[in-house]
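Engineer: One point on numbering: in the working numbering, the residue at position 65 of the sequence shown is 65, and numbering is uninterrupted.
Think of the hints as simulated: they come from the structure by calculation, not from any bench.
Honestly, I wouldn't trust all of these hints.
In silico SDA-like links for lysine to any residue, alpha-carbon gap of 25 Å or less [to be verified]:
#1 K44 x I34
#2 K44 x L30
#3 K24 x E14
#4 K24 x N12
#5 K44 x V32
#6 K24 x A36
#7 K44 x A33
#8 K24 x L38
#9 K24 x I34
#10 K24 x M37
#11 K44 x G31
#12 K44 x K24
#13 K24 x G39
#14 K24 x I35
On a predicted model such as this, the values are computed, not experimentally measured, just so you know.
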Amino acid sequence: MNGTTENVTHDNDELVPPTPVWLKLLVVGLGVAIIAMLGLILYKIITGVGDLADDTVSPTEVVAAPSAPLVNGDFEITRPANMELVAVVPAGNELFLHFRGQSGADQIVIFNRVTGETSNLSVLEPID
Numbered sequence: 001m002n003g004t005t006e007n008v009t010h011d012n013d014e015l016v017p018p019t020p021v022w023l024k025l026l027v028v029g030l031g032v033a034i035i036a037m038l039g040l041i042l043y044k045i046i047t048g049v050g051d052l053a054d055d056t057v058s059p060t061e062v063v064a065a066p067s068a069p070l071v072n073g074d075f076e077i078t079r080p081a082n083m084e085l086v087a088v089v090p091a092g093n094e095l096f097l098h099f100r101g102q103s104g105a106d107q108i109v110i111f112n113r114v115t116g117e118t119s120n121l122s123v124l125e126p127i128d
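Assemble the whole structure, with the sequences as input and the hints as a guide.
Structural biologist: See below:
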């Protein structure tokens, strides 16, 4: 096209071919689909994704029933030197006390609630 070319328009509107019906239906269908998807996105944003806690299974602790009656009384468990109590876990007749030192070494004291005895399990730092 150059400056002398006339605009590309039809001189007679009767010669313009009509738009195919399938093309009109395709455009309308895609428009409705886009609006429906936007509506679904807004619905999910407003209502939330759902309760995700139902999807995960929470861990359960299986504790065996004590085979003998627990001893009543006051017990003294000596805390290892330079260590801090991290966790206490009851398991049946036993009580596990987890201690951690400043150097990173761990020690677990196992207390038997039936007999009152204690035993120690030391977890040391690996030697390089």
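Engineer: Does each hint hold? Answer for all of them.
Structural biologist: Going through the hints against the structure:
Between K44 and I34, the direct Cα distance comes to roughly 15 Å. Compliance with the 25 Å bound is thereby established for this hinted pair. This hinted pair checks out: K44 and L30 have alpha carbons roughly 21 Å apart, not beyond 25 Å. For the hint linking K24 to E14, the alpha-carbon distance of about 20 Å falls within 25 Å, and the restraint holds. The suggested pairing of K24 with N12 holds, with an alpha-carbon distance near 23 Å, which does not exceed 25 Å.
Between K44 and V32 the alpha-carbon distance is near 18 Å, which keeps this suggested pair within the 25 Å criterion. Proposed proximity of K24 and A36 is supported: the alpha carbons are some 18 Å apart, at most 25 Å. The straight-line distance between the Cα atoms of K44 and A33 is roughly 17 Å, inside the 25 Å bound, and the hint therefore holds. Distance hint between K24 and L38 is fulfilled; the C-alpha atoms sit about 22 Å from each other, no more than 25 Å.
Between K24 and I34, the direct Cα distance comes to roughly 16 Å. Compliance with the 25 Å bound is thereby established for this hinted pair. A threshold of 25 Å between alpha carbons decides the hint, and for K24 with M37 the separation of about 20 Å falls inside it, so the pair holds. Between K44 and G31 the alpha-carbon distance is near 20 Å, which keeps this suggested pair within the 25 Å criterion. At roughly 31 Å between alpha-carbon atoms, K44 and K24 are farther apart than 25 Å, so this suggested pair is violated.
Proximity of K24 to G39 is assessed by CA-CA distance (about 23 Å); at most 25 Å being required, the pair is judged to hold. Simply put, K24 and I35 have alpha-carbon atoms about 17 Å apart, close enough for the 25 Å limit, and the pair holds.
Violated hints amount to a single one, hint 12; each of the other numbered hints is respected by the structure.
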